[in-house]
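Residue-level listing of the chains:
Number of protein chains: 2
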Amino acid sequence: MSSVRMKGFRERKTLKEVLECLLPVLPRMPPEKVPTVSALGRVAYGDIRAERDVPHFDRAAMDGYAVVAEDTFKCSQENPARLRLVGECVVGKTPEVEVRRGEAAQISTGAPMPRGADAVVMLEYASLGEGYVHVYRPVAPLQNVSCRGEDVKAGDVVVAEGDVIRPQEIGLLLQCGVREISVAAKPRAAIVSTGSELVEAGEEPDVGQVVASNEYMLAALTRIYGGRPVYLGVVPDERDALRAIADKALNFDLAIFSGGTSVGKYDYMPEVVAEVGGRVIAHGLTIRPGGPTAVFLVGRKPVFCLPGFPVAALVAFESVVAPSIRKMLGAKKLDPRPVVEAILARRVPSTLGKLDFLRVKLEESKEGLVAIPLRTTGSGILSSMTRADGVVEIPEDVEGFGEGERVKVKLFPHVF
Amino acid sequence: MSSVRMKGFRERKTLKEVLECLLPVLPRMPPEKVPTVSALGRVAYGDIRAERDVPHFDRAAMDGYAVVAEDTFKCSQENPARLRLVGECVVGKTPEVEVRRGEAAQISTGAPMPRGADAVVMLEYASLGEGYVHVYRPVAPLQNVSCRGEDVKAGDVVVAEGDVIRPQEIGLLLQCGVREISVAAKPRAAIVSTGSELVEAGEEPDVGQVVASNEYMLAALTRIYGGRPVYLGVVPDERDALRAIADKALNFDLAIFSGGTSVGKYDYMPEVVAEVGGRVIAHGLTIRPGGPTAVFLVGRKPVFCLPGFPVAALVAFESVVAPSIRKMLGAKKLDPRPVVEAILARRVPSTLGKLDFLRVKLEESKEGLVAIPLRTTGSGILSSMTRADGVVEIPEDVEGFGEGERVKVKLFPHVF
Numbered sequence: 001m002s003s004v005r006m007k008g009f010r011e012r013k014t015l016k017e018v019l020e021c022l023l024p025v026l027p028r029m030p031p032e033k034v035p036t037v038s039a040l041g042r043v044a045y046g047d048i049r050a051e052r053d054v055p056h057f058d059r060a061a062m063d064g065y066a067v068v069a070e071d072t073f074k075c076s077q078e079n080p081a082r083l084r085l086v087g088e089c090v091v092g093k094t095p096e097v098e099v100r101r102g103e104a105a106q107i108s109t110g111a112p113m114p115r116g117a118d119a120v121v122m123l124e125y126a127s128l129g130e131g132y133v134h135v136y137r138p139v140a141p142l143q144n145v146s147c148r149g150e151d152v153k154a155g156d157v158v159v160a161e162g163d164v165i166r167p168q169e170i171g172l173l174l175q176c177g178v179r180e181i182s183v184a185a186k187p188r189a190a191i192v193s194t195g196s197e198l199v200e201a202g203e204e205p206d207v208g209q210v211v212a213s214n215e216y217m218l219a220a221l222t223r224i225y226g227g228r229p230v231y232l233g234v235v236p237d238e239r240d241a242l243r244a245i246a247d248k249a250l251n252f253d254l255a256i257f258s259g260g261t262s263v264g265k266y267d268y269m270p271e272v273v274a275e276v277g278g279r280v281i282a283h284g285l286t287i288r289p290g291g292p293t294a295v296f297l298v299g300r301k302p303v304f305c306l307p308g309f310p311v312a313a314l315v316a317f318e319s320v321v322a323p324s325i326r327k328m329l330g331a332k333k334l335d336p337r338p339v340v341e342a343i344l345a346r347r348v349p350s351t352l353g354k355l356d357f358l359r360v361k362l363e364e365s366k367e368g369l370v371a372i373p374l375r376t377t378g379s380g381i382l383s384s385m386t387r388a389d390g391v392v393e394i395p396e397d398v399e400g401f402g403e404g405e406r407v408k409v410k411l412f413p414h415v416f
Numbered sequence: 001m002s003s004v005r006m007k008g009f010r011e012r013k014t015l016k017e018v019l020e021c022l023l024p025v026l027p028r029m030p031p032e033k034v035p036t037v038s039a040l041g042r043v044a045y046g047d048i049r050a051e052r053d054v055p056h057f058d059r060a061a062m063d064g065y066a067v068v069a070e071d072t073f074k075c076s077q078e079n080p081a082r083l084r085l086v087g088e089c090v091v092g093k094t095p096e097v098e099v100r101r102g103e104a105a106q107i108s109t110g111a112p113m114p115r116g117a118d119a120v121v122m123l124e125y126a127s128l129g130e131g132y133v134h135v136y137r138p139v140a141p142l143q144n145v146s147c148r149g150e151d152v153k154a155g156d157v158v159v160a161e162g163d164v165i166r167p168q169e170i171g172l173l174l175q176c177g178v179r180e181i182s183v184a185a186k187p188r189a190a191i192v193s194t195g196s197e198l199v200e201a202g203e204e205p206d207v208g209q210v211v212a213s214n215e216y217m218l219a220a221l222t223r224i225y226g227g228r229p230v231y232l233g234v235v236p237d238e239r240d241a242l243r244a245i246a247d248k249a250l251n252f253d254l255a256i257f258s259g260g261t262s263v264g265k266y267d268y269m270p271e272v273v274a275e276v277g278g279r280v281i282a283h284g285l286t287i288r289p290g291g292p293t294a295v296f297l298v299g300r301k302p303v304f305c306l307p308g309f310p311v312a313a314l315v316a317f318e319s320v321v322a323p324s325i326r327k328m329l330g331a332k333k334l335d336p337r338p339v340v341e342a343i344l345a346r347r348v349p350s351t352l353g354k355l356d357f358l359r360v361k362l363e364e365s366k367e368g369l370v371a372i373p374l375r376t377t378g379s380g381i382l383s384s385m386t387r388a389d390g391v392v393e394i395p396e397d398v399e400g401f402g403e404g405e406r407v408k409v410k411l412f413p414h415v416f
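Which chain is which? The protein sequence lines are A and B, in order. By the count of my numbering, the first sequence reaches residue 416 at its end, each step adding exactly one. By the count of my numbering, the second sequence reaches residue 416 at its end, each step adding exactly one.
The hints are simulated quantities; they were obtained by calculation from the structure and are not laboratory data. Predicted, not measured: the structure shown is a model, and the values here were computed from it. Please note that the accuracy of each hint is not assured.
Identical chains share a label here; the pair holds if one copy fits it or two copies do between them.
Only pairs whose alpha carbons sit at most 27 Å apart, straight line, appear in this in silico DSS-like list of lysine-lysine [what the hints assert, rightly or not]:
1) Lys410 x Lys93
2) Lys332 x Lys366
3) Lys16 x Lys93
4) Lys354 x Lys33
5) Lys333 x Lys408
6) Lys408 x Lys301
7) Lys153 x Lys354
8) Lys33 x Lys16
9) Lys332 x Lys248
10) Lys366 x Lys16
11) Lys410 x Lys332
12) Lys333 x Lys16
13) Lys366 x Lys153
14) Lys408 x Lys366
15) Lys13 x Lys333
16) Lys332 x Lys16
17) Lys33 x Lys13
18) Lys301 x Lys366
19) Lys333 x Lys361
20) Lys366 x Lys354
21) Lys354 x Lys333
22) Lys153 x Lys361
23) Lys408 x Lys361
24) Lys366 x Lys74
25) Lys74 x Lys33
26) Lys410 x Lys153
27) Lys74 x Lys301
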């Protein structure tokens, strides 16, 4: 069995290799129906089409007078068109009035156009007196009119497959008469902390013990990326306990184990996963931090063993777990983190053959954004993550970046 | 009373003027205690300090052998130091073994250092045989040791006043023994849709009627920016009804009215708000879309009347409501939207004296990000918002941007 442990670390893979191997195999989550009003942040399952035209009637786009455009064609400031006022069209009501040649009706923005009229003269280009409207500027047919279906036509795709529902999508969908939509079900992620040194966050740790904190960080990340975390608790580095929890974790859509993936004596996880039928996708990645990450598939179910060090766990999550969750959701963008350009404040060396994740803090300057590298030694230095705004990726074939060099900073998923 | 209506639009203010007038007056939300594990996205009220050192004991940073560094000072590949193996230090347990001169103890990453030892020799620079450890490379005192408090010291500020709690803050706080934190209470926002043309989203609209959809979009935005939306429903453009709902809305921390702020005949909102003691901060802004926005203060409580057109409502929300909510939360960044640079795909004209919000779609190209302006005519064209990734602001004193010009794009608050 120890061969499994040893084998993994001899076969470190690049992040790209792992994702190319893993992502195509992952199962897509099934759809579920949710009310449009509660769909914020969900991923559309299939194209969503308008159920009615928007607007669903011709309406005035300006306050003014509904007219027959032709009546105004030859008018001017000196020679206004003189139209008889025949009524008023108000917002929210089907107009009873009809406008014929030589006539006009008062109309408010958003009110339905009266029969007969085909344009709206703006308030400022007309005057009213003794039952007549004087128009000082010609309008073309359909001018200042929002026509039925101008914004969206019934049957149009308003939200495409894999798009994320934002506030504006909620607004548009409701306007289009779509009150319920199909979204990808949220993948349920089992989260387990492994390590004999761990005690639950509520307890006081002895010397040698460490408070379990990764799982709550990983749960928050899972939530942000669209999954539903279920925390299964702390498990000691013991074969039987690990085997039992692995069985339990496989009832979920994916499983995230934190801790227990180095080549140390007590790291049983890789062999436990192998025992429940797991196939090794990678044991060890050429990323830093986060190298001691293992990725398995049990059937098509992904199992991630993330390093125990918090910073390494965070980097590994964003590198392999986050895109997996997005893939299972069917999201168009697997990595939705915004990327900004910045000037590197000082030289940063990097090892060839490693994809380095440099934590940086962003500051404004006259020359633009500046990326200040944070202390990177010691992957346990979680405070480098709390001071950071994002990461700069230094590719495997690059020996580092120089001071003043323009770099791309991937911002942490921001929660307001 | 009609003087109030007319007055407002003669006094259009710039966005900057309005915010300078409004933000300093807004009340800060009181603190509330929440469990650290459920604090994602909340804003810290006051500095949060570590309750214990991290790590809270000296521990090995590598797998290897705990030694007295001095014993290794003169060793080399050819002339290894020979140390007697006296025991083992494992993760999670207080070591019983003590290491004296000439001795070594096996140790795993994360295990507490045994008494006497002051450095760890990495596995790869040592070999084990017949009860002795051979060390081939010198180590300095404290090398490969994470010292107590190295990451964080008890009493250190780990999250500063006004910071947003992200996954990594949750992790670090738990490690520091902080299980409960003070955060700003979420401002409760009353949301009201006004307009006689409106019917609730569940109903089928007649000709002339429009489905209420803004309120759900505004509720989603309120949530994203850290508020707690409470939807009070649709109210017709009638004085008494508006007055009654205004009284109700003033029981909340802020109030957002959608619709009813143009100078049309049926727009009672500004005078209703004046009647309940509201002070006009601005009625009409020099922004586009979103111009017909009114901002009032009733005491120190902000009341926003946003235009009824969805796109205008969205722009107005992000311009004035969002920074107000962030200010009330005490957040450091009032505008947390990420800003990226892009090349404008085509010339866009803009009116002098207006702050224009140009909706753009971002696309990758060889030259970097390209911002493609979306159709901007007709503020009802909500689909321009659903196709957009963000907005480019064209300042009041700029007549537009040219094709190929580098512009800053404010990304929509992204919900994954």
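Tested hints:
1. Lys410 x Lys93: Answer is neither; intra-copy 51 Å and inter-copy 39 Å both fail.
2. Lys332 x Lys366: between (36 Å within a copy, 21 Å between copies)
3. Lys16 x Lys93: Cα proximity of Lys16 and Lys93: none, with 60 Å in one copy and 38 Å across.
4. Lys354 x Lys33: So Lys354 and Lys33 fail the 27 Å test inside a copy (43 Å) and across (43 Å) alike.
5. Lys333 x Lys408: both (18 Å within a copy, 22 Å between copies)
6. Lys408 x Lys301: Close neither inside one copy (33 Å) nor across copies (41 Å); limit 27 Å.
7. Lys153 x Lys354: neither (51 Å within a copy, 32 Å between copies)
8. Lys33 x Lys16: So Lys33 and Lys16 fail the 27 Å test inside a copy (34 Å) and across (43 Å) alike.
9. Lys332 x Lys248: neither (31 Å within a copy, 42 Å between copies)
10. Lys366 x Lys16: The answer is between: 21 Å across copies meets 27 Å, while 36 Å in one copy does not.
11. Lys410 x Lys332: both (18 Å within a copy, 21 Å between copies)
12. Lys333 x Lys16: within (16 Å within a copy, 35 Å between copies)
13. Lys366 x Lys153: For Lys366 and Lys153, the Cα distance exceeds 27 Å both inside one copy (47 Å) and across copies (35 Å).
14. Lys408 x Lys366: Cα proximity of Lys408 and Lys366: in one copy and across copies (18 Å, 15 Å).
15. Lys13 x Lys333: So Lys13 and Lys333 pass the 27 Å test inside one copy only (23 Å; across, 39 Å).
16. Lys332 x Lys16: within (18 Å within a copy, 37 Å between copies)
17. Lys33 x Lys13: neither (39 Å within a copy, 44 Å between copies)
18. Lys301 x Lys366: Neither: 49 Å inside a copy, 37 Å across copies.
19. Lys333 x Lys361: both (25 Å within a copy, 15 Å between copies)
20. Lys366 x Lys354: between (33 Å within a copy, 26 Å between copies)
21. Lys354 x Lys333: Cα proximity of Lys354 and Lys333: one copy only (25 Å, versus 34 Å across).
22. Lys153 x Lys361: Between copies only: 21 Å across chains, 46 Å inside a chain, cut-off 27 Å.
23. Lys408 x Lys361: both (12 Å within a copy, 20 Å between copies)
24. Lys366 x Lys74: Answer is neither; intra-copy 56 Å and inter-copy 52 Å both fail.
25. Lys74 x Lys33: Answer is neither: 56 Å inside a copy and 71 Å across each miss the 27 Å cutoff.
26. Lys410 x Lys153: neither (38 Å within a copy, 29 Å between copies)
27. Lys74 x Lys301: For Lys74 and Lys301, neither the intra-copy (73 Å) nor the inter-copy (52 Å) Cα distance is at most 27 Å.
Of the numbered hints given earlier, the model fails hints 1, 3, 4, 6, 7, 8, 9, 13, 17, 18, 24, 25, 26 and 27; all others are met.
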